[in-house]
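Starting from the structure of chain A, add chain B where the hints point.
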Amino acid sequence: MTAVESFIDYKAQTGLQCGSYSLQLPPLKEGQQYRFHFDATKCIGCHCCEVACNEQNNNPPQIKWRRVGEVEGGEFPHVLQMFLSISCNHCIDPACLKGCPTNAYIKLENGIVIHDDPACIGCQYCTWNCPYDAPIFHEERHIVTKCHMCYDRIEAGQTPACVQACPEGAIEIEVVDVERWLAEDMEKEGNAPYLIDARYTKATTRYTLPEEMPEHLEPMDRDLIRPAHRELPLVVMTLLTQVSLVGFIALFLGDLAAEFTQLPEPSFAMVSLVFALSAIGLPFSALHLGRPIKAVNAMKNLKTSWLSREAVALGAFTALMGVVTLLYYLNIDGPLRLLLEAVTAVVGIYGIYAQSMIYRIPAKPTWNRAVTTYRFFSTGYIGTQILALIATLEGNPQVANILLAISILLGSVHIYLFFESQRFYEMVGEDHEFSYQIGRAQYLLEHTFRKLFHFRKISLPLGAVVLPLFATIALNAGSFGFAFAFQLFGVVLASATEFVGRLLFYATAVKTGMPGNFFAGAQRP
Amino acid sequence: MVRRIKELLGVEIKEERYALADDPIFGKIAKAKKPDRWVRSTCGYCGVGCGLYIGVKEGRATYTKGDPKHPVNIGTLCPKGLSEHQMLYAPNRTLTPKIRKGGRLVDVGWEEAFDYTAQKFRQIQERYGKGALAVISTGQLLTEEFYALGKLVQLGLQTTNYDGNTTLCMASAVMGYKQSFGSDGPPGSYGDIARADVVLVIGANLADNHPIIVHHLMKNRRNKKIVVIDPRRSKTSQLADIYVPIKPRTDLALLNGLAYIIWEQGWYNETFIKGYTNGWREFVGHIQNYKPGEVAYITGLDTKLLYQLAKLYATNEKSLICWTMGINQSAQGTDTVSAINNLALMTGKIGKEGSAPFSITGQCNAMGTREFGFTSAIPGYRKFESERDRQEYADLVGVPVDLVPTKRGYRYGEIIDAIDRGEIKALWVICTNPLVSFPDQNRVRRALKKLELLVVQDAFMSDTAHIADVIFAAATWGEKEGTYTNSERRCNKANKAVEPPAQSKSDFEIVLEFSGSFGVRDLLFPGWREPRDAFEEIRRISKGRLCDYSGMSYEKIEALGGIQWPCNESYPQGCARLYGEDMPFAHGDGRARFIAADWRPLEEPPSRAFPLLLNTGRTVEHFHTRTKTGQIAILDSLAPEAWIDINPRDAARLGVKNYDRITLKSPRGRVENLVVRVTNLVAPGQLFVPFHYGTQLVNTLTQSLFDPISGEPNYKQTAVQIISEKSPQGLTLEDEIAGELTMEEGSRSREKSMAKEGQKA
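Protein chains in written order, with the working numbering: chain A, 1 to 525; chain B, 1 to 761.
The following block holds chain B by itself, in its conformation from the complex:
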């Protein structure tokens, strides 16, 4: 009563709670949150790999602050990083292992959860074969955890049907690098972005997705030309000198076209081509089909602009191309990555300061799983197909060679197919949320219902966790130790700042202890107790490989602020870029290959029934499927739900305005209750919706269409229709489309003649 009266009268202004205090390290900070210790670590969100300090007060994380001595972020963090400690106390933590009993998820002890799962796995594998168990992991565990998990799955559970959600984001880059250079491994580094004269940003919205890389992009700004190639006028495009509004998924045609112009104009580097590559002659033949007039028609760009881009890239000394999902998430993703590599190879813009083809990864440790995860390759970039690699690996870790698989199993999309066919009966999902992130949701949801057992290992009750039969309650960032490797191959140390909540265990412990329940611990992890044991084995098995960790140690990583592999006797401090003078390409003959790949039009182009083209992507406030950032109020309030960007012209035709609610449908389903944002940031006929939201599940609309080489889904182009109250039939774009075609026919012939003149010149 007294308190309520005091409250009513406003007696207390809570000065103490909002006072500042002196911290010896970071200066004045909030007294109520003043840490008693700071733990140095690495951010656990995206692949940029920022160094940070976690402030811990009485066993609770209260601050995340950028490490000013870390070469990646130089003291800064993005809004997700700045509030990362809040994520640990999200109300949707899993906390205890659970088993579904009588339709309800019931808290159980670890022993019960492990024994139950191990027994079920065994039963299912005995009845249907080893391959009836599949595992889908992530890009967000620590490298040590990936390595342990990979060993357990491939050598212990002995199923090759193992893939990661990295297939949804980086697989095309992986396969593109393999095609061109003989191995995975991003050749460049952030320093190259900073030092380049020309940076082509293709299909990447760094400003929203990798804000800290923009810091490097904007260095040396006066002497640098930035080109952003994107169908959408992204935040990143606002930073560009040249914005290239390319038609959706015509990038492969554009890249082949630029190669043609570089060849035609003689801007290529003959010495480099002769010295370091194969397939040039065939490639030159191939690009004859990509003359500027044709490419201008396909891409919707001006011929002059094509020449300008080719010239910028080829004739400047330091040119770099970086990309992310706009390239990768495509049915032609792998070939498009190789087409980028082609440009680098024909101009020799690789292995030198400021020059590289450079993929930017999406998850904090997508690289770690690529290197040592045992999904698409044997750890250490070894090939399943190579008997020598298999033998070498088996010898190094002391297992019988016949345990090592001879080929890769099903990839992510194929696993879903196999579940749908009834071939796979048990699925173990680790730290990923297919119920938001996988394309063609109706199909994947239908398929998962057919499982006899769904095990979800996660720190958060994701949408997928809610339908699981068993939950392994995992620890997350800040609660465990190990390494993350970022986009530029920098291996960073992540440290444990606080104890995992309730019964949660680190993924490392879960894997080790489960391997015990499954009876393979002694074979696979003899004497292992902590992540360092895995790291020591990683050092051993990577020695002499491209991704060489042998020269690293936890202490050295911390001292140097991360180390870029390869790190060995030749590169004791790590190596800023791959394929320099002294580093041959990874194909058998040490040479890179030109890849002659053809552009194909959209498999599902806009039609009468679905006249608009939907693009999906991210927003800076959120990460992936919002299991973490959706729980952080300051981030959530800035973008609490999905929205749809519509060009004012289309909005007028549909009779919709800002904040109206519409329904979006594709041949595969519909998304209701999407709020309209009318904006010129998208072109007429195109739409954009962020994919983060389980509430407005845009992946209901996307296609089951995958890159044949990488298995990566084609997320970015979906033909859709909008239904609003005012136009229940949706949009008919017939007049518009006809008009556009005639106009383009005109410009096409004009551009063809221009191209001819260009040739003469």
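Chain A on its own, in the form it takes in the complex:
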């Protein structure tokens, strides 16, 4: 056996970075960073970069930091088959970093966006935020991991694994002048078919595409439409906190009204129930974390993360509600309690607003609408329905009637928002920036989840308006039995319809990402 030579300083005779284990990059000047260059005219779709990446980082086959997708366009024989190898774009304005509640993302001075593994709690919010699907949750490790451009190799003058392995030299590391890139070149060279516009996160990857491309290109996985994760803990948590908030506001208003009218003040049972909803719901969210033990760290990034803000605000809201409940228990009332309730309500409103803002992200076009925020508030109609039920049980038809009226009002708004949001699917034309994702979301609703969607359409008006209306009629007619039955059925049906609605909200949220492969799709769960 001949002696194995050192390849660190050995440059392959290709004149390219491919094949060579050593890398020569010019030193970075002020305002410059490293970036990937991908040449689609050279890529032959061999998947070497994927395999080399996994070999380098010891990742199991299902954890791919770099993936190769495929698009096709034209008619035989004038066909373009094009591959796109994509990993992290090491954005100038990284959505992963901004959204991360634990500050686990770091943009190094050289521009590389790395993930600080020990800081991560596995909330996976970055996997929603990144419009390129670069971060991926590593179940075995309980945390998210992602491409770091082999930064420690680069620092040592070594070639990143994908770059070294590409037999066609289609992937390279380059130095980019950030200002110049943002001002001119990103527009021209920063975009590729079926990727979100580079402007959103100011992605730095430069793409070389064929000079002539067919007008219409399609991903090979265009008909492979898989639901997104159902996020059950989040379904429960968001619903309970939203219902709790509206219930609490109703109690606050009731407490206020009791000062000026003949109405009795809210009962302890009502207050403790509303508190319990949040107190149970909030910890539920920890179940979706990879590392529940570190849940508290979610509050670290108030500066840029809506998730941190939500966690802090809803935590405070629940704690304050606890104090209010205690005051009710101790029968302490008066302006001090009212003031505390007002503060609690404001904190709660901000909390649910922050919660809704978590979903207002470009990477999930069906979420990224004002209607998401409105619906997060109007879902609370169930809260007033529950309180009305308690009022009925407590023999307070007058209070029940008022609460039912509010329920019907809120429920009507909620129904309106539901149909408004459905109209959205119809209105999205082919020229819409996200028509591909929205069309897939619509397919999931109307095909994959056909039955659930059907149930949702029928149960919503029944639970939100019809049954509460019947209950009011029964109450006014003096039939306690019917009123109770209608209300109980109403609460159950409303809860069921909102549960299904929220499930669909998550499961049909098709992300922006990359074009995928026929079998493997975009290689993301």
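Be a bit skeptical, because a hint or two may be false.
No farther apart than 25 Å at their CA atoms in a straight line, the calculated lysine-lysine pairs in the PhoX-like style are these [as the list claims (entries may be wrong)]: (1) Lys34/B / Lys11/A; (2) Lys11/A / Lys556/B; (3) Lys219/B / Lys11/A; (4) Lys247/B / Lys665/B; (5) Lys34/B / Lys14/B.
Just so you know, these hints were derived from the structure itself, not from any lab.
These numbers come from a predicted model, not from an experiment.
Positioned in the frame of chain A, the structure of chain B alone reads:
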């Protein structure tokens, strides 16, 4: 309990397992896999012959990395190579020798396996004659192993019914070279692909099958024209300047037609023809039948395009044609290879830098078995028919000359026929998997049932191993030492990095030890202990032959990163290309021959009942019958099952869409549960299915149709019908076909008149 709670709470993030560590040779790599030593070797998958290093940690292979100093791959590997070490730990390794007892394969000791087999072989040969034993080997052993095996089979077992799966892939190239140049041996090299002005890629999808060669193809790209001739819009065609969507299996007509145009336009090289060839006058007469109008009609191509191709090839200084299975796997494969050679000969585009007819081999050591495997020739490209060659070989190795066969025995397809007839009773299959790879599966499966003894020697429990009576558990790549010779005649060294698992032995050991059980070891392998002994004999017997290894040594091969034969006193560093100024052709008179061969239409054209034409091939993630790559999760997940490419027009007519499941049938059988991929990469009326999959066995459909000269199967054109839920009767293409014909009649006459104008000009 504590562990489960910790797991639930996510306490541990396993940083250590995913940490990096410094390797002195390759830099930062995964700490958990950081090798304690690197073993230099050569890839064991395809015929490109990439140099690599195997990383070994505590006796286990953990890395495969490209050798940046190797001239073939310059540090890169394909995805199969990059994950090659994983193959060693596949769950389907054979591990121990086995004998079928009471219907079950039972682990036995080597002695029992060898003695049992030797005794059975003897019994069968005594009862039915020597030829009742047949051996089918492979292109994947080491040259030393091929050589030992060939000696054992031909001189020890004394059966000439010995062939390799190379007959399924390269035999047509072998016979085509022999017809034209007088010997096997690919004349070109990868460097020629890099330096050519014009490269015609015919029937080769390098991007999927030989990704590392694309690296050479794309060199000097600005000054190079790449033409890809393929019925399918392959990945490789995407790299071309000109894509030529030729009708299936009309390549021989095209090549004859290009020869006609080159002759007609006077673009041929008269000096070369006069100086180095025979048969020109007859050939010119022959190509008069291939006037452009006629050829345009046959091939479905535009006459103008034909002229453009002929001009590109003939008038540029450095032109190279490379090909693989699209040419070889055809009932006219040999003649088509010779037709490529004709073009090279008439323009003198051979033996010069950047110019060659150049076949790209499919297996890591298809070349090794061609040179020294003793199947289609006596080792060292010697002819069975030549008394002088037989005597020379017998003298060199010290065996009685009457042991050396006087003619070749049955070829692969003929062996199957003979088994079916009951003539062959015992079969020894080595490192190949006919139960996926051979055409007309129902027939071959029926035939193999008639065997009295089926011995399978393999490192993996292939489909064929599962029906074997005896299994010899072999070692594989990385577990043994020897040489592989690649497409460009480069002999590379492969080294042992780890011990074979469990009871497995290298094929070299198996052959030697079995020869002992058969009682011929002392005669054939006196004093042999290790592969080097075989290599020394190979050097000796190849001296003075075209495939001359006499100037090589293991040490020199490693020092130079492989050596291209011939390597001797004249070419101490090896030789980049054959038939240069100082190297005569291998026919007796030193001249090459023009081969006048006629194109024939398809034997089984699309018909009313089977209106579609099925093409088969490979995909980059997998190798052959997936005994290895099917076990590697990262490769498997990218292409876990076979699919069928259907043009959108046909898909619409069939009422099928992406991910639908269809049944494919031909006159010979059917394949169920094939997933549909609607794509414009295939032409209307044509289909493509990869052949790798035992689960969707596309070779159930292919024909028992072989090239009469090479014996290579015609895999690539099969008339089939698609049955889907929506159209249980399948497709009727009557309207379509009629329409197409009238349209083409029109274009035919138009092209004929154009051709006439061309002639006048």
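ask   = Lys34/B and Lys14/B: Cα distance at most 25 Å?
value = holds (17 Å)
- Task: Quickly compare the C-alpha distance for Lys11/A and Lys556/B to 25 Å and report which way the hint goes.
- Result: holds (23 Å)
**Asked** Is the straight-line distance between the alpha-carbon of Lys219/B and that of Lys11/A 25 Å or less?
**Response** holds (17 Å)
*With a cut-off of 25 Å on the C-alpha distance, tell me whether Lys247/B and Lys665/B pass.*
The hint holds at about 22 Å.
- prompt: Taking 25 Å as the top limit, are the C-alpha atoms of Lys34/B and Lys11/A close enough?
  reply: holds (22 Å)
In this structure, none of the earlier numbered hints is contradicted; all agree with it.
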